[in-house]
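These are the residues of each chain, in order.
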Amino acid sequence: MNVKVLYFAWVRERIGKPEEDIEPPAGVATVGDLVAWLAQRGEQYAYAFENPKIIRAAIDRSHATPDTAISGAREIAFFPPMTGG
Amino acid sequence: MPIRLQREDFDAAAEAAALVGTRTGIGAVVTFTGICRGAEDGEPIAALNLEHYPGMAETEIARHVEEAQARWPLIGVTVVHRYGRLTPGENIVLVVTAASHRQDAFAAAEFLMDYLKTRAPFWKQVEHASGTQWVDARAADDAAAARWSTPRRSRQAAE
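So the protein lines, in turn, are chains A and B.
At position 24 of the first sequence (counting the first as 1) the number is 24 in our numbering, and the numbers step up by one without a gap.
At position 149 of the second sequence (counting the first as 1) the number is 234 in our numbering, and the numbers step up by one without a gap.
Hint data in this document are derived by calculation from the structure and do not stem from the laboratory.
Heads up, a few of these hints could be off.
Unchecked claim - Computed footprint of chain B on chain A, listed as stretches where at least three residues anywhere in the stretch have a Cβ under 8 Å from a Cβ of chain B:
hint, segment
1, 19-32
2, 53-66
3, 70-83
Backbone N, C-alpha and C define an ideal beta-carbon position, used for all residues, glycine too.
Input sequences plus hints: build the corresponding full structure.
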């Protein structure tokens, strides 16, 4: 599947880009799987995802958890815990 | 119910007046304004940069406004959240709630702020003289948001 991935805040800074299109292999089924797969793409990715527990995600603009399936997703975003308000 | 994301400043009193308008039955209006402090962790800041996820920010705020309206008998709600570069003293966020009775207006405003702090896709970065630094989410904010969870309601959004 082809999916657009967005990065925000220091996740974006560490990876070096705000977004990209990716094509994860068939075995990558959940958000957690995707984080692990992205982390091994290079040093910057490993740095961004070095602590997967604090990475948050959204699929098609809704909060997702590490267990959430990614199939059918059009847009997946990764970011640190939110600090709005 | 007005929900706006914008760079520009807002006028809290004008927004509250506009929300009340000609609506009848309002006995209580709560107007909360979040303001950029001059220091973070004791260190003075030059500015706050607020990044956001366009598209998700509006829908997420709308979701919480809907939830507030489901939980309390609100007559009106306005939320305005700014983004971009803000300096100490500037307005960041506005929540206005209008209801017949004050308990509902107060509770809804607090609920919305607790959720905005933890589930609205914004990220703050402080500018010090020495450089920039991302603000860490606070456990106290997560705890504040969690206290609104009630077991009897089935939550649609994944936690």
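Each hint tested on the structure:
1. 19-32: violated (count 0)
2. 53-66: holds (count 6)
3. 70-83: As far as the segment 70-83 of chain A goes, the hint holds, because 6 residues have Cβ atoms under 8 Å from chain B.
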